[in-house]
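Residue numbers (the working numbering), protein chains in the order written: chain A, 391 to 866; chain B, 142 to 620; chain C, 11 to 111.
Note that these hints are calculated values from the structure, not bench results.
Some hints here could point you the wrong way.
Derived lysine to aspartate or glutamate pairs resembling EDC-like cross-links, with alpha carbons at most 20 Å apart [to be verified]: (1) B:K444 x B:D411; (2) C:K92 x A:D474; (3) A:K847 x A:E801; (4) A:K764 x B:D229; (5) A:K798 x A:E835; (6) C:K43 x A:D804; (7) A:K774 x C:E97; (8) A:K473 x C:E83; (9) A:K774 x C:D71; (10) C:K43 x A:E801; (11) A:K665 x A:E684; (12) A:K764 x C:D71; (13) C:K106 x B:E481; (14) A:K764 x C:D59; (15) C:K106 x A:D725; (16) B:K223 x A:D760; (17) C:K38 x A:D805; (18) C:K54 x A:D760; (19) B:K444 x B:D458; (20) A:K473 x C:E86; (21) A:K653 x A:D785; (22) A:K774 x A:D785; (23) B:K273 x C:E97; (24) C:K54 x A:E691; (25) B:K273 x A:E726; (26) C:K106 x A:D729.
Computed footprint of chain B on chain A; a stretch qualifies when at least three of its residues, placed anywhere within it, have a C-beta under 8 Å from a C-beta of chain B [what the hints assert, rightly or not]: (27) 622 to 632; (28) 711 to 718.
Computed from a predicted structure; not experimentally measured.
All C-beta atoms, glycine included, are put in the ideal place defined by N, C-alpha and C.
So the chains spell out like this:
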Amino acid sequence: MFELTALELSTAISSKQIGVEEALSAYFKSIETEDGKYNSFLSLSKEAALTKAREIQKRIDAGERISPLAGVPIAIKDNISTKDIETTCASKALSGYVPVYNATVVDKLEEAGMIVVGKLNMDEFAMGGSSETGYMGPVRNPWDSYRVAGGSSGGSAAAIAAGMVPLALGTDTGGSIRQPCSFCGTTGIKPTYGAVSRYGLIAYASSLDQIGPMGKNLEDCATLLSIISGPDEKDGTCIIEKPFEFEQSDSNSLDGMIIGIPKNYYEGGIDNSVKTSVLAAARKLEEAGARLEEFEMPLMEYMIPTYYVIACAEASSNLSRFDGLKYGHYTSDSDELSDFYRNSRSEGFGMEIKRRIMLGSFVLSSGYYDAYYKKALQARRLIKDAYDSLFQRYDMIISPVAPTTAYKIGENIDDPLKMYMGDIYTVSINLAGLPAVSLPCGFDENKLPIGFQLIGKAFSEPTLVKAGKTYQLINN
Amino acid sequence: MSNTTFETVIGLEIHAELSTRSKIFCGCSNSFGAMPNTNVCPICSGMPGALPMLNRTVLEYAIRAGLALNCEIADRTVFDRKNYFYPDLPKAYQISQLYSPICTNGFMEIETNDYIKTIGIREIHMEEDAGKLIHDIANDSTLMDFNRCGVPLLEIVTNPDFNSSDEVIAFLEILRETLLYLDICDCKMEEGSLRVDVNLSMHLHGSELGTRTEMKNLNSFKAISRAIEFESARQQKILMAGGVVTQETRRWNDNIGISVAMRSKENAQDYRYFPEPDLLPIFIDEHWLEEIKTSQPELAHEKRIRYIDSYAISPNDAAILTTHMNISILFEALSSQSGEPIESARLIIGEILRLLSQSGTQADDLSIDVSKLSTLIDYVLSGKINRNVYKEAIEAVFTSDVDPVSYIEDKGLMMLDDYSTCQEAAKVVIANNPDAASDYLSGKDKAFGFLVGQTMQLLKGKGNPELVRKALEEELLLH
Amino acid sequence: MSKPVEIDDKLLSYLEDLSLLRLSDEEKPRIVKDLGEIINYINKLSELDTENIPQCSHPFDNVNAFRSDEAQESYERELILKNAANENGEMFIAPKTVDTQ
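Model the full assembly from the supplied sequences, consistent with the hints where possible.
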């Protein structure tokens, strides 16, 4: 059963080959036996899930067609609010916090009859690319448990790769869905900014964050995206007009499509195996009818600085509310407000969070605002404009997701700048608000998965999904 | 004025709570006085993951205020975050506007005793209010109530154009009147729905501006006036002695009539404003702006002109009738129902305002049946009742909402329109006062007045004077 | 254009204040080194010519989204206070403020 895709499982459920509860119990069993090795789950919601499974089974038995993924188990990254289920962002600062409301996406999953099994480990507050910084310890890569699963949605990718759950929700602020997919050999979609409601997503960087699906293949992910996307009256930045609809297409032809290859992405600083695999994937797309064209990606050296200035600035403000008074960890070591604040926060946040909050405070502080924050907003405009003009010419761009495959746990943890460099191919997509799909395309010499991404213009998910599905079909 | 050398320079920062139904960024009720933390949801209490959604009416009210204060309305406006830690601010940032406020560059004319002056409005911006803290002295702790978090505010910032407390009060009176007529703020200073902070500095005339202080906790116009006088004197004393004024925030204590410097918070000034990423920039649609312009309520000064021009009301009365919106509403309703604007004005100014002040009722709380007043106007102008009965009946309507017609009938206050009754009375009076009758007949006109008085007395004052005169004249001739 | 920024004790303590953090003695040298390196790296931005380039604070800004002014039911107070460190059934309780208004 763990080999089944989400849609195959859903078909098996609706055709009564397997019961919802039976499937769910099998997944729970797998989590209980396997996850000790990977540490991908932070909490399980077994009782509520079983109750829900029985309810869904009844409705299916009564002939109700709830959704294409009804009865399918799903796990949720721990920065997405789940009513009555502890939601910690893998941070001590939020330990014990039980939301009193659901994120909009969680409501949508429940309406679609999906079963939430638990919450997934991640980098603390989604700030990182290795899922090592959570206060419950690092996520381990199912392909090699001495290596990282990538991040920040490392728990989501590892849980899927280990067969503990067929689908998961991740979030992507600077590559946090795509890079763990690449490291764990799973598939994911970073939707256009404003395609999926952020209501209930505990913000890292509000103008960059998006929730997206992660799974075994693009068809599953697209189906999940059609469920979670759509406007939301609680999120004014969710500007999509209606949920995505992904047409079933019998044609595997990409005739007429022009795919850009940013050739400077393949020079220096990239593992040879990654380069070879991604370019081979491009050739597969060419065989399916697409035309490949090389170009020089502008502004490459400014992408990471721009991203870190903006993301940390927003984070420093977003994380200010965690003061110990209203929710989460609080110090037992103060009876005076100012000390209570400082101690609660300093005890609750890990090192990377402190670094980013202080960097964010710095770039926003008087005297430095213009040189850093304002400058970054202008650079962001240039990057966005550059993409706009590229997409006048190209239907999509093919790019590596990360310059390397999964590295060893602890290898980069004390060198933040080196860690940040791993985001070179992903952050500009978030700065420009664009969609991208991340797909596996091979293995390196250590049998570690490699991924690539297809990037498109805003709200071009259907085109990206068509191309990506074609790739996955001809590659199987 | 004692300060011949020093000039006072004042600018105002005014916070007006908007009287919308719901809060600025969530659907919680915007009502005053609820039980603590009962008008609260994940959004206004800053729970992780909650997002703001702008209440469109807040934007509309901001535009209305901007238009009334002659501001330029931005075609694109953006919210910013103002970051600081305080327990009354659950998100640890206030959503406000710094870089692109909705209204800028306006002005308002004020009139003091002998001159007219223009006060510049630097900007008007939208923001959310903070919660309420209660210092629990017994337990040495602070209690936090988030009901007020997210109540919509307009912050109105003037240029430092004022030179005296009189000018400040004149401005605030017009501003309050404007906000009330726009019906966007109830302006109850005692409930904090209108809050005024005063920035004041002193300088020698012609020299550059001095160091300013900011004064808070000013809960009435009177307190503002006193605080300005106090602060001017305090600063002048310092400057005269060759000292330096410290830039600080001071808290006015109206009970003892002094202000005290508040301890300045460390780093209080570095708010790290940046564009609020959770709210997209707002584009003001031209059609919508046009709609708002055309549906702008008539403001007090516009009403005054109309009353003078089309109702022939005196400028003085027009001013009185527009000091409070409720009064002008009553006046307009009564004029249109009775068709008698001048008598309506007389009734309101002469009677209603007197009754309000006698009973200690606020004009805000005035509620009176217009059609009952209209009936009384009709009665008095057509001679069915006399002025004394009219006044008595108005008071009865004001205090007990009586039906004026049955009130007058039950008490027998209606004028007697029956000629034969007057005739009978005249006969009796002439019979009882033969001397006066002969005096009259011998040419002593004064005697007639006496006889009229006697007849009216007999009729208990309800005789129609015309009919009484006529009856007496006829009876005397027959005598 | 931008000068190298040195994270001296004064700046460090200022950033701690703005961030409302208190770094331990072990953390301080690490943060100073890391922030120094990161700031040095993001100084790259100063090489970019951004004259007359408008700022981009939101990826998309061509859509207005509003709520209509309708009051809805608020949350049960019990839920609002549920995760509080300290509350009395009606209000959150914060420790005393030495630095009072």
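Hints, verified against the model:
1. B:K444 x B:D411: Violated: B:K444 and B:D411 sit about 45 Å apart, past 20 Å.
2. C:K92 x A:D474: holds (11 Å)
3. A:K847 x A:E801: violated (35 Å)
4. A:K764 x B:D229: Answer violated: A:K764 to B:D229 is near 29 Å, above 20 Å.
5. A:K798 x A:E835: Satisfied, since the Cα-Cα distance of roughly 15 Å is no more than 20 Å.
6. C:K43 x A:D804: Measuring from Cα to Cα gives roughly 11 Å; hence the hint holds.
7. A:K774 x C:E97: Outside the cut-off at roughly 47 Å; violated.
8. A:K473 x C:E83: Holds, at about 18 Å.
9. A:K774 x C:D71: holds (13 Å)
10. C:K43 x A:E801: Roughly 18 Å separates the two Cα atoms, so the pair holds.
11. A:K665 x A:E684: Holds, at roughly 14 Å.
12. A:K764 x C:D71: holds (17 Å)
13. C:K106 x B:E481: violated (64 Å)
14. A:K764 x C:D59: Holds - the C-alpha atoms of C:D59 and A:K764 are around 13 Å apart, at most 20 Å.
15. C:K106 x A:D725: Holds, because 7 Å separates the two Cα atoms, which is no more than 20 Å.
16. B:K223 x A:D760: holds (17 Å)
17. C:K38 x A:D805: holds (16 Å)
18. C:K54 x A:D760: Answer holds: C:K54 to A:D760 is near 14 Å, not above 20 Å.
19. B:K444 x B:D458: holds (12 Å)
20. A:K473 x C:E86: Since the Cα atoms of A:K473 and C:E86 sit roughly 14 Å apart, the hinted pair holds (cutoff 20 Å).
21. A:K653 x A:D785: With Cα atoms ~17 Å apart, A:K653 and A:D785 stay inside 20 Å; holds.
22. A:K774 x A:D785: holds (16 Å)
23. B:K273 x C:E97: holds (15 Å)
24. C:K54 x A:E691: This hinted pair holds, its Cα atoms lying about 8 Å apart.
25. B:K273 x A:E726: It holds: about 19 Å lies between the C-alpha atoms, which stays within 20 Å.
26. C:K106 x A:D729: Between C:K106 and A:D729 the Cα gap is close to 10 Å, so the pair holds against 20 Å.
27. 622 to 632: Three-residue rule met by the region 622 to 632 of chain A, so holds; n is 6.
28. 711 to 718: With 6 residues in contact (Cβ-Cβ under 8 Å with chain B), the coverage given for the region 711 to 718 of chain A holds.
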